[in-house]
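First to last, the sequence lines map onto chains A and B. Counting from 1, position 509 in the first sequence corresponds to residue 509 in my numbering; the numbering is continuous, with no gaps. Quick note: to get my numbering, add 574 to the position in the second sequence (first position is 1).
The hints are simulated quantities; they were obtained by calculation from the structure and are not laboratory data. Since the structure is predicted, the reported quantities are computational estimates derived from the model, not experimental observations. Where hints are given, some of them may not hold.
[Said to hold, decoys possible] Simulated pairs of lysine to aspartate or glutamate, EDC-like, Cα-Cα distance not exceeding 16 Å:
1) A/K11 x A/D38
2) B/K641 x B/E654
3) A/K308 x B/E654
4) B/K591 x A/D132
[To be verified] The following label-pair restraints were derived from C-beta to C-beta distances:
5) B/R604 x A/P341: 51 to 59 Å
6) B/S596 x A/P500: 37 to 45 Å
7) B/E620 x A/G107: 22 to 30 Å
8) A/F111 x B/R604: 26 to 34 Å
C-beta: ideal position from N, C-alpha, C; glycine also.
Read off the chains here:
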Amino acid sequence: MKLTGAQALIKSLEMEGTEVMFGLPGGAILPVYDPLIDSSIRHILVRHEQGAGHMAEGFAHATGRPGVAMVTSGPAATNIVTALCDAYMDSVPIVVITGQVPYAVIGSDAFQEADTVGITMPVTKHNWLVTDPQDIPRYVREAFHVATTGRPGPVLVDVPKDIANQMMDWYWPEAVDLPGYKPNVKGHPKQIKDAARLWGEAHRPVIYAGGGILKARASAALKELAEATGTPVVTTLMARGSFPDDHPQCLGMPGMHGNYTAVTSMQKSDLLIALGSRFDDRVTGKVDAFAPGAKVIHVDIDPAELGKVRRPDVPIVGDCRLVIEELIKAVRADQQKRDWPELTAWWTQLREWQERHPLYYEQPEDGPLKPQYCIDMLRENSPDDTIVVSGVGQHQMWSSQRWKFNHPNTWINSGGLGTMGFAVPASIGAKVGKPDRMVWAIDGDGCFQMTAQELVTAAAERIPVKVAILNNAYLGMVRQWQELFYEERYSEVYLSPDLPDYAKWAEAMGCVGFKVETPDDVIPTIEKANEIDDRPVVVDFQVDYREKVYPMVPAGGSNDDIILDPAHDKSVGR
Amino acid sequence: MANAAQHHILSVLVENKFGVLSRVAGLFSRRGYNIFSLAVSPTEDERLSRMTIVVDAESAPLEQVTKQLNKVIPVIKITELTPDDAVERELMLATVKAGAETRSQVTDLAAIFEAKIVDVGYEAMTLLVAGTPDKLDAITDLLDPFGIVESQRTGRIALPKLARERTKLRAVKDRGA
Chain A
1 MKLTGAQALI KSLEMEGTEV MFGLPGGAIL PVYDPLIDSS IRHILVRHEQ
51 GAGHMAEGFA HATGRPGVAM VTSGPAATNI VTALCDAYMD SVPIVVITGQ
101 VPYAVIGSDA FQEADTVGIT MPVTKHNWLV TDPQDIPRYV REAFHVATTG
151 RPGPVLVDVP KDIANQMMDW YWPEAVDLPG YKPNVKGHPK QIKDAARLWG
201 EAHRPVIYAG GGILKARASA ALKELAEATG TPVVTTLMAR GSFPDDHPQC
251 LGMPGMHGNY TAVTSMQKSD LLIALGSRFD DRVTGKVDAF APGAKVIHVD
301 IDPAELGKVR RPDVPIVGDC RLVIEELIKA VRADQQKRDW PELTAWWTQL
351 REWQERHPLY YEQPEDGPLK PQYCIDMLRE NSPDDTIVVS GVGQHQMWSS
401 QRWKFNHPNT WINSGGLGTM GFAVPASIGA KVGKPDRMVW AIDGDGCFQM
451 TAQELVTAAA ERIPVKVAIL NNAYLGMVRQ WQELFYEERY SEVYLSPDLP
501 DYAKWAEAMG CVGFKVETPD DVIPTIEKAN EIDDRPVVVD FQVDYREKVY
551 PMVPAGGSND DIILDPAHDK SVGR
Chain B
575 MANAAQHHIL SVLVENKFGV LSRVAGLFSR RGYNIFSLAV SPTEDERLSR
625 MTIVVDAESA PLEQVTKQLN KVIPVIKITE LTPDDAVERE LMLATVKAGA
675 ETRSQVTDLA AIFEAKIVDV GYEAMTLLVA GTPDKLDAIT DLLDPFGIVE
725 SQRTGRIALP KLARERTKLR AVKDRGA
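Using the sequences provided together with the hints, build the complete structure.
As structure tokens, then:
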């Protein structure tokens, strides 16, 4: 069967099970958009290529399947770089197809030419420049394979226009042959045994669960492992929901804005069981002062993570789910042989910390609206399996702190890269992937303004996402740092509460817009918003700009120096 | 050249494909690893190339360098070659001031180091020297007083030493222990 390169590309995407793709056409990708008309693939026309990338990410986060985006050459390719980098940092499997100027003129500074493969090399797991249409099925197959296996990540296939127009003989490769890519998924049995032995000696163990749990679909296994050992679990920003917040062993989020108990449990621990986590600086604080008394078991599919920041006592390379399943067996076998230490004293200590230093805020009855209150009310008035998507900043930390994530893949945010503007497009991608679930983007006013135009996409495509803007009229997290660390010298952080008028803006984009100014108005508006299911909704919550995110470990500081909210710190005056 | 003890030689087998050098070099720069020298060439198998990279081990732990390098998809195999179990060679071209009075002294030196004289001018000559990096350092030192106008070194290439029966006598007590 003879096909054009373009037809082969679309057919290859179909062969990989692509049901939906996010994109925007242009000159160099024109040939590929033509056969798309006849394809079963649903295409969602975005308003900016960055949006296409974040939508693909949101789709991947929510479904666990690779998100696909397609854009043209030059500026379109550079616009999607942020999303690629975001996906690279958070190990999100996305496949991006870019158009390229004809192969014959590459290197001549042609119209809309950019060295896409060169530009995206540092932010993709791998990328391909197609130089022969005959390679297209193989490259697409390889691209999906690389994106979804091992440590997942973004990949890119760059398709020159003339290559897309040339004819090729269709085939579909049954297997992928990449001699330099053989991820090791099965943990070493001896290491697993050693891990169980070490665990059986620990008096203050903590499971430090990271995003790898979700990527490996290891939530059920993690629960079994935690219960088999009675060990407390902290879930990092990327792992919220991987272990249910309503589980008695869940301590919540550690890190710079983690709760006191989660942070301190790691500091005082004598054994950290790091599962799919990477000792990120936002978790460890000052590395030298991080969990000084703890031995470390570190499980990760990426061998380079083991020992990158902290040298593990027992390193285990492998897929989190497979390793955890083996670890459960090894733990049970070890428990048969000897008595593991009672963790009663440890749990007593943890419960005391939880009692003494809970997350705290106060909503005055007729006072200014508190952002935490808005999140709590959203949570209480939305289904338990609601997917929550956030951008980056204060609203992100409050959402992660206050929401109760009881199901995997219900929390989607930009962790590693910290990409403002992530929430709106990512929530659209999540809703496309999980149309039966309620999807709330909780966004900041600064973030919202970066990618809000994608709500036009959502309205046009009938993708009924909901957006809560915690509008404090500031770049809030920056303001918080300027207040605490720059002597309240506020430099370029004020945004205005009503410029733009968010509700009107939302209406103009085909959404329903609400504005909430008083605590009384919060629940009725959320109820109204939750009833709308035929178009997107935007709620502008006008919140108290003075509210800060606590607890906080100052950047580069030791986790021992965690700062509690001075207004609510129950330990003050003790 | 800096102290050899801080160096590691990585022999990296890669797929002979578009952009591989860029992927490897890019990895080094963005992770903050320093390269002392780099030599790339096709191998006996045309689908593969071999990169011999001399890494500054001060800039990053070697383990991280090799682990990160392993993640580059076209990288097939990485072998660390320690000077003890590797044969290493490097090539140098050096143009040295050599007028009528000093020409014979320079040619003497060239003979001692088995260097070839590949070009001769009125006031200078160009030598080609092959050998271990130490040997190149030595001749450079000795040529220096004459005045080195220009020189270029290829960076080292290396292959593992071949396993051979040891000819050394062993202590009797080891036998049958």
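Inset, instruction - Confirm or reject the claim that A/F111 and B/R604 have a C-beta distance inside 26 to 34 Å. - result: 30 Å, holds
Legend entry - Supplied distance hint 51 to 59 Å, evaluated on CB atoms of B/R604 and A/P341: 44 Å, violated
Inset, instruction - Take the C-beta atom of B/S596 and the C-beta atom of A/P500, compute their distance, and say whether it sits inside 37 to 45 Å. - result: Since B/S596 and A/P500 have Cβ atoms about 43 Å apart, the given range 37 to 45 Å holds.
Inset, instruction - Just tell me: holds or violated, for the beta carbon distance of B/E620 and A/G107 against 22 to 30 Å? - result: 25 Å, holds
Legend entry - Hint consistency between A/K308 and B/E654 [alpha-carbon to alpha-carbon, up to 16 Å]: With Cα atoms ~19 Å apart, A/K308 and B/E654 exceed 16 Å; violated.
Inset, instruction - Quickly compare the C-alpha distance for A/K11 and A/D38 to 16 Å and report which way the hint goes. - result: Given pair A/K11, A/D38 holds - Cα atoms ~10 Å apart, limit 16 Å.
Inset, instruction - Mind checking the alpha carbons of B/K591 and A/D132 for me, to see if they're no more than 16 Å apart? - result: Holds. B/K591 to A/D132 sits at ~14 Å (cutoff 16 Å).
Legend entry - Hint consistency between B/K641 and B/E654 [alpha-carbon to alpha-carbon, up to 16 Å]: Holds, at roughly 12 Å.
Checked against the numbered hints given earlier, this structure breaks hints 3, 5; the rest are met.
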